[in-house]
Every structure is written in C-alpha cells, then in structure tokens.
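*Asks:* Chain by chain, the residues run as shown.
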Amino acid sequence: MQKTSSNINRRNFLRLTGITSAGFIMGLSAKGNNGVPEVANLTNSGLNSLADATEAFELTPFVVIEKSGAITIFNTKPEMGQGVFGAIPSLIAEELEVSMDQITIKQTGGEKKFGGGQSAGGSSSIRSNYNNLRKVGASAREMLVKAASQQWGATVEECYAENAKVFHKPSGKSLSYGDLVEAASKLEVPQSPKLKDPKDFKILEKPMPRPDTPLKVSGKATFGIDVSVPGMVYASVERTPVLGSKLVSFDAAAARKVKGVLHVETSTRTIGIYSYEGVAVIAENYWAALQGRKALKVQWDHQGHDTFNSKTYEQSLRDLAKTEGVVDHTQGDFDKAVAEAPVKVEAFYETPIVSHSPMEPMNCVASWQQGDKLEIWTSTQVPGSIKKDFPKTYGIPEENLTVHTMFNGGGFGRRLYTDFIHDAVQLSKKVGKPVKVIWTREDDTQQGPFRPMTFSAMKGALSADGKAVAFQHKVISPSIDASGRMNYDKTKSDRGMTEGISEQKYEIPNMKNNYVYADLHIPIAAWRSVTSSTLAFAHECFIDEMAVNAKKDPMAFRLELLTKDSDTKNVLLKLKEVSNWDKPLPKGWGRGVAQYEFFAGLGGYVIEVSKKGTGIKIEKIYAVIDLGTVVNPDTVRAQVEGAAVMALTAAIKNGITFEKGQAVQSNFHNNPLVRINEMPPVEVHILANGGPKIKGVGEPGLPPFAPALCNAIFAATGKRIRRLPFDINKV
Amino acid sequence: MIKLKVNRKEYNVDVTPDMPLLWVLRDVLGLTGTKFGCGLSQCGACTVHLDGTPIRSCSFPVAAAVGKEITTIEGISENIDHAVQKAWIELQVPQCGYCQSGQIMSAVALLKRIPKPTDADIDAAMQGNLCRCGTYQRIRKAIHRAAELSQA
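Protein chains in written order, with the working numbering: chain A, 1 to 731; chain B, 1 to 152.
Careful: at least some of the hints might be erroneous.
[As the list claims (entries may be wrong)] With a straight-line cut-off of 30 angstroms between C-alpha atoms, the simulated DSSO-like cross-links for lysine-lysine are:
#: 1; chain 1: B; residue 1: Lys86; chain 2: A; residue 2: Lys620
#: 2; chain 1: B; residue 1: Lys141; chain 2: A; residue 2: Lys202
#: 3; chain 1: A; residue 1: Lys574; chain 2: B; residue 2: Lys68
#: 4; chain 1: A; residue 1: Lys202; chain 2: B; residue 2: Lys86
#: 5; chain 1: A; residue 1: Lys433; chain 2: A; residue 2: Lys246
#: 6; chain 1: A; residue 1: Lys730; chain 2: A; residue 2: Lys587
#: 7; chain 1: B; residue 1: Lys3; chain 2: A; residue 2: Lys259
#: 8; chain 1: A; residue 1: Lys459; chain 2: A; residue 2: Lys574
#: 9; chain 1: B; residue 1: Lys116; chain 2: A; residue 2: Lys620
#: 10; chain 1: B; residue 1: Lys141; chain 2: A; residue 2: Lys611
#: 11; chain 1: B; residue 1: Lys86; chain 2: A; residue 2: Lys259
#: 12; chain 1: B; residue 1: Lys68; chain 2: A; residue 2: Lys259
#: 13; chain 1: A; residue 1: Lys392; chain 2: A; residue 2: Lys429
#: 14; chain 1: A; residue 1: Lys576; chain 2: A; residue 2: Lys552
#: 15; chain 1: A; residue 1: Lys257; chain 2: A; residue 2: Lys429
#: 16; chain 1: B; residue 1: Lys9; chain 2: A; residue 2: Lys220
#: 17; chain 1: A; residue 1: Lys257; chain 2: B; residue 2: Lys3
#: 18; chain 1: B; residue 1: Lys86; chain 2: A; residue 2: Lys433
[Unchecked claim] Now the stretches of chain B that chain A is said to cover, found in silico as 3 or more residues with beta-carbon under 8 angstroms:
#: 19; region: 9 to 22
#: 20; region: 27 to 39
#: 21; region: 42 to 50
#: 22; region: 66 to 75
#: 23; region: 90 to 99
#: 24; region: 134 to 142
Please keep in mind that the hints were generated in silico from the structure rather than gathered at the bench. Computed from a predicted model, the values in this text were never measured in an experiment. Where is the CB? At the ideal position from N, CA and C, for every residue including glycine.
Full structure from sequences and hints, please.
*Replies:* Below is the structure:
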C-alpha cells in the first residue's frame with residue numbers, strides 16, 4: 001500500500017519531521033523545533049520514516065527528500081473524486097524518476113510557497129499544471145544528477161537518474177536520492193530543465209492505480225466530516241427555509257434542556273452577495289445538536305420572499321424571452337437571412353434548477369485559539385482562497401491561519417464556495433472550543449447555492465437545399481456572476497451564462513446569440529460543467545430539429561456544417577465510427593448524437609434507446625472525449641462514466657422547485673439521484689494523439705449527454721423533448 | 001451505559017437509547033469509516049452489518065443493536081484484503097470515495113447471501129446505495145470480480 005496523506009500541511013510536516021536547523025529549504029535554513037513527532041490522528045499518514053527523520057531537504061517547494069530516502073511530493077489540487085491526488089504528483093514523479101509507490105503525497109493548504117492555483121475547478125488541474133509540474137520534477141532530478149556527478153568527479157552526461165537513484169553509466173556505480181539530497185539542495189535550481197520525451201514515460205499516459213483507492217475502500221480516507229480534534233464540539237445550524245428571510249428572535253430554552261447540548265449561538269453564513277443569519281445548537285455530539293435544533297423556536301421575517309414560486313418565476317422567464325436582451329455574438333445578417341430563407345425553425349427549451357448534492361454534506365471544523373490563531377479543517381475545492389480571504393474577513397494576520405484540505409466527498413462546484421466555513425469559524429470564536437459544523441441533507445438540498453435554470457429561445461433558417469443559413473440561441477436566465485458580486489454589469493452579455501453558444505464550430509453564416517438577464521434572490525452557483533450543462537441541451541437538440549427540417553441525417557447534417565478540420569469534427573467522426581452510426585437499428589430503436597465544446601473541453605455522445613412500454617430504455621451509450629494529451633486514461637474513463645450518470649440525473653430526476661419561497665425538495669426521497677439499476681454502462685473513447693493540446697477531463701462528459709438522449713428519443717418515437725427534467729418512464 | 005460489540009470488540013457507551021447507531025460509531029467510538037449522507041435511509045452511506053445483515057445505521061437506534069454483532073468497514077479485513085476490497089482496487093471503483101464504505105458493506109452482504117450474483121441480484125441489493133460520482137458500472141463489475149476472487 002502506498003503511503004499517502006491528505007491532512008497535514010507543510011507547517012505540520014516540518015513539525016512532524018522534527019526538522020532541525022540542518023534542514024535546507026531552497027538554500028534557506030529551515031527553522032523548526034526538535035520536538036517529538038506527533039502522529040496522532042494522521043490516519044492517512046505519513047512520513048516514511050518518522051522515527052529517524054531528523055533531516056529533510058526541499059529541492060523545490062513541491063519535493064522534499066529525507067536522508068532516509070523518503071520522498072514527499074506536495075499536491076496543490078484538492079481531491080474530490082477527479083483523481084488529482086495521484087495525477088498531479090505523477091507529473092512530478094515521472095520527471096523525478098521515482099515510482100508512485102516511492103512517494104508520500106501531502107495536500108497543501110493554501111500556503112504562499114506553493115503559489116496560486118491551490119484550487120480545483122473548471123477541469124483545469126492538469127491543463128494548468130502539465131508543463132510546470134513536469135519542470136518541477138525535472139529540476140529536482142537535474143539537481144540530484146549534478147550532485148552525483150560532482151561527487152564522482154564525472155560529467156553530468158555520464159550520469160542518469162532511475163528508480164530514485166543516480167547511476168554512473170561507465171562504472172555502474174549508484175547513489176540513492178537520500179544520499180544525494182543534502183548536496184543537491186545546495187545547488188541552484190535549473191530554470192529550464194530538460195523534459196522527458198513522452199515515449200520514455202513510465203507513469204504518464206498509462207492507466208495508473210489511484211493512490212487514494214486503498215484508503216477509500218477501507219474507511220481510512222479522512223474527509224472533512226471525519227476530522228476530530230481534542231475538545232471538539234458539534235454544531236447544527238437552524239436556517240430559514242425561506243431564502244432571504246431575516247432572523248427576528250429565537251427561544252432556546254427547550255433546546256438547552258436536551259441532553260448533551262452545550263451552547264446556543266447565532267452565526268452568519270455568507271455566500272456571494274447574500275448573508276444569512278442562523279441559530280446554532282452546539283453539543284457534545286452531532287445527534288444531540290440535531291435534537292436541540294429541533295427544539296428551537298425561531299421567528300423569521302420573510303421579507304416578502306415567501307410568495308416566490310417556480311411556476312410564476314418560470315413564466316417570467318418565458319415573458320422575458322420576448323425581449324431582445326444584449327447581443328452575445330453576431331455574424332452576417334441574421335434577421336435578413338431568416339426573412340429570406342424558405343424554411344424557418346423555432347423552438348423554446350427549458351431546464352431546471354438543480355442541487356449539487358455531493359454525498360458528503362457540507363461541514364467544517366474550525367478552531368479559534370488564543371492569540372487569534374485560527375485552524376480550519378474542511379473539504380473544499382479552494383484552500384487557496386480560504387487562506388487568502390478568511391484572515392481579511394476575520395481581521396487576523398495571514399500567517400495565523402492554517403488550512404487543512406481534506407478529501408472532498410464530492411465537489412461538483414459546490415465546494416468552490418466557502419459559506420459553510422464561516423459558521424464554524426464564528427462559533428469556535430464564540431464558544432472558545434473547536435467546533436465541527438455539519439449540514440444536514442435537508443440543509444444541503446434547500447439552502448443552495450443551486451445550479452440555475454436556463455431557458456433558451458432558438459431560431460434557425462435553412463436554405464432550399466437544407467443547409468443551415470441562420471442560427472440564434474437566446475439565453476434567458478438568472479446570472480451566477482450576479483449572485484456572486486455587487487456591481488454586476490447588465491449592459492454586457494454575461495459570458496458565464498452564454499457559455500459555449502457562440503464558440504461551436506458549426507459554419508453557419510448568419511448568427512445572432514443573445515442574453516436576457518433575469519433577477520433572482522436565491523444564491524446560484526457553478527455546477528459541474530457550469531452553464532454548458534443546460535445550454536448544450538437546447539443548442540444540440542435544436543441543431544437536430546434543423547436537421548429534421550432539412551430532411552437530413554443528424555450526423556450528416558452536422559458534418560456538412562463542419563467543412564474545416566476541427567476537434568469537433570474529429571469527435572463526431574469518431575462517434576460515427578465507434579457507434580456504427582450508419583448501421584440500421586432494430587425496430588422501435590433510435591439513436592441520437594450531440595457534442596459540445598466549451599471552456600473545459602470537448603466531448604460527445606451517441607446514445608441508442610428503445611421504446612419500452614410507456615417509457616424509454618437506454619440501450620447503449622458511446623462517449624468520446626477529446627483531450628490531446630492524457631495523464632491517466634483510466635481516470636479519464638471514470639470521469640466520463642460518472643459525468644454521464646450526473647447528466648442523466650439532471651435530465652430525468654426532479655430538480656429543485658420552489659413554493660411559498662421554500663425549496664419543495666428536501667432529501668433524496670424527493671430529490672432523487674439515478675441509482676445503479678437505472679444506469680446502463682458507458683463505453684468511453686479517448687481522442688488523445690499527444691502534442692501540446694491539453695483539454696479538461698472532469699466536465700466535458702456532461703453537457704452533450706441530455707441532448708444525445710433526447711435526440712435519440714426523437715429518433716425512436718418522433719417525440720421532441722424540450723423541457724428538462726422529463727419522466728423517462730412516460731415518453 | 002449501553003453495551004455494544006463492534007468489530008469483535010466490546011464497548012460501553014453513555015448515550016441516549018434513541019441515538020442512531022451511526023452517531024455512536026462516529027462521534028463516540030471514533031469509527032468514522034461509516035458515513036453520514038442523508039439521515040433517512042435513502043443513500044446507504046451509513047451501511048453497517050448487524051449479525052451479518054446490512055442496515056442503515058443513520059436510522060437505527062443504538063438500543064436495538066445491543067447484543068448483536070456490529071461490523072463496520074473497519075472490521076471487514078485487517079489489511080484491506082477482503083475479496084470485495086481487492087476487486088474495488090483492481091477495478092479502481094472509487095472516485096470521491098465517500099459512499100464507498102456503504103457500497104462495500106452492501107456488496108459484502110450480497111456476496112455472503114448470493115456467492116455468484118446476477119446483474120439483477122446486484123440491482124436489487126445495491127440500489128439502496130447512492131453514488132453521486134457515478135461509479136455504478138465499476139461497482140457492478142467489481143462485484144462480479146469479487147465473486148470470482150472469493151471462489152478462486
């Protein structure tokens with residue numbers, strides 16, 4: 001089993017290893033104590049040789065080698081299922097010439113020395129680190145090789161690194177990295193190290209077992225919710241079910257009488273432009289906190305928000321669709337082309353609000369200690385911004401905050417937001433103890449932030465020979481950006497809400513895409529594949545509608561619009577090949593295709609369905625993801641398989657609706673997820689021909705799923721689905 | 001005091017009898033491998049065995065577990081070498097991993113009952129365990145693989 005760690009940061013690492021003044025950090029003396037190593041609570045630990053590790057050397061901030069030979073690589077990207085816990089260190093390990101089972105991985109907590117970008121989102125982890133982290137590994141390798149060559153009085157060319165050792169080719173002599181690290185750490189860090197030729201890769205581009213897997217099949221992985229620190233108490237916060245209400249007063253007498261309840265305090269959750277005050281019950285265990293919370297009597301002033309309901313709001317979006325909004329992109333003369341075209345097509349598409357619902361509910365342990373020192377343990381996608389922003393918010397020096405980034409029990413964009421951390425920090429400060437705040441599933445389902453709906457007014461025109469000559473995608477929706485900051489500019493198109501619609505590769509001469517902003521008082525958020533998760537549905541189903549109106553095969557119609565070489569064209573050609581697109585299907589079956597390119601990358605599906613009783617059965621799912629360069633193909637497959645499940649849930653399950661200002665859904669019984677018996681397997685194909693192009697992995701498998709499914713349903717039944725969610729058992 | 005037997009070890013815990021077993025395991029005994037997901041027996045993240053039968057510990061009062069053998073994910077093997085764990089590693093099932101303790105406990109119980117399950121058996125036994133990352137197709141393969149490993 002590999003030795004891994006997610007829950008100690010650099011500062012702890014120094015303390016734990018008992019580094020003395022003999023340690024070197026980029027030529028600087030590391031100050032530390034020589035205390036006895038603390039090993040308590042390091043279930044994912046740890047250092048390879050804690051007992052005798054008195055000297056450790058940092059070749060770059062990301063690589064620490066101990067004299068014992070133990071190698072630690074620091075991972076700056078939070079692990080939430082997407083596989084970065086192995087993939088990011090593997091970029092360094094490959095160039096450092098060490099295997100994955102020779103390293104200990106540690107998770108960073110926003111420390112300055114590890115630089116910006118200590119966050120996971122936008123399918124960007126590998127894309128943004130592929131070259132620079134390989135350089136980090138290569139620099140360290142070159143320092144070790146140089147140190148060996150100097151020791152042997154040999155040239156660097158005569159030496160090479162392999163398997164955590166440096167070898168002298170002519171003599172066959174070797175020295176281990178542990179033997180060399182002290183000398184190596186005194187050398188200058190090479191600025192342009194030579195990277196390996198990909199054909200020599202030992203780890204990258206091959207299926208690699210994830211180092212976190214053994215921890216995750218044995219209950220040993222420490223998620224935020226599993227953190228325990230001495231003296232810790234548990235909190236559950238009562239919040240208004242009507243979003244936007246103000247706390248008027250509360251009666252905690254009954255709550256305080258519940259066995260185990262210790263304190264009742266208020267705290268304020270801040271998310272984007274919104275602030276919500278809640279009443280926290282703090283107890284010896286979480287169950288007691290929940291019982292105390294149930295006994296609270298709280299008065300809220302709903303501020304008029306208790307009349308808000310989905311039906312009325314959705315109608316307001318349909319009404320807004322009649323307005324022009326702002327232009328996102330224009331080319332040719334759309335209006336003229338439509339006026340002159342022999343065939344005009346129009347359709348209106350609707351998608352729901354949905355929840356993120358990661359399996360691990362939001363939680364945080366915060367410990368406000370004497371001297372205004374603050375320690376935070378949490379499952380988060382953004383340790384870097386916690387480390388930067390929280391000291392400002394709470395008026396403490398940045399060095400007083402330590403952030404422990406734990407394994408995330410799912411992220412999907414929800415953990416880009418730090419709202420749930422505020423309660424824990426404030427409550428710990430108030431009661432003078434470490435506090436663990438855990439949200440209930442009901443809190444998670446009803447309090448937001450939610451993925452917003454988008455409605456789409458589509459218009460297109462065809463020439464007499466059935467070619468698309470004009471196309472319009474008008475998006476009507478609330479704005480994630482407006483939910484996140486004041487001073488939102490309504491005069492410009494919101495590129496976050498029109499994501500990808502003006503970047504598709506179809507060659508259509510006349511286009512006009514618009515955005516119509518809609519007000520909303522509910523916190524909304526990025527959700528896996530962000531707005532592409534809804535816009536692709538309208539965009540790619542409408543392309544299908546145009547193909548039908550042109551009396552053309554949907555695949556052929558798309559390829560006709562892609563005369564130039566493009567990744568999109570390659571994805572469609574690959575889908576055509578792997579799905580045997582031109583092969584006739586059994587009677588009652590239909591197949592649909594869709595692709596979508598957006599900031600995170602590019603993917604596509606062909607889905608085959610059959611009519612079964614009153615509903616639809618998904619028979620076969622073919623996925624293609626376009627990557628260029630791939631790090632761990634097995635993780636890529638897993639991410640696409642998972643994206644398909646999440647996309648199917650968003651397409652056919654309830655979503656979130658509001659009545660009387662409250663979310664109607666509260667838990668998995670009425671906000672269900674797709675279960676194992678509902679999910680057919682996904683056949684994933686990766687387009688990766690190497691080269692400098694690197695695209696994202698986590699998100700591109702999501703957007704084209706729903707349109708491919710609905711296009712297949714049309715092919716099988718003639719029924720066009722224009723509103724999500726739909727009941728797959730009644731089509 | 002309530003007397004419990006968890007993973008072959010005896011414990012005395014001072015809690016109210018209606019406290020769900022989940023919170024006793026996590027907050028009192030420090031066995032955090034068993035997870036909280038919904039509190040309503042809807043997601044299966046909290047699945048443990050009571051005399052070998054899978055139960056949802058989030059909705060199971062601790063008093064009802066007295067006198068029974070409770071097994072949690074921590075108790076199914078010493079060295080992560082149960083056939084189900086081996087298959088889970090071989091097929092690289094977990095993504096975020098949060099639901100996997102519960103998935104594995106359900107799978108272990110299924111294989112005990114039906115050593116060579118069909119896809120329909122897997123559907124029936126595993127549909128109480130949600131996975132938001134969507135690892136279902138690998139769970140299915142891994143259960144078939146664990147069945148092979150157990151019979152080898």
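*Asks:* Just pull the numbers of the violated hints for me, sorted ascending.
*Replies:* Failing hints, ascending: 3, 11 and 18.
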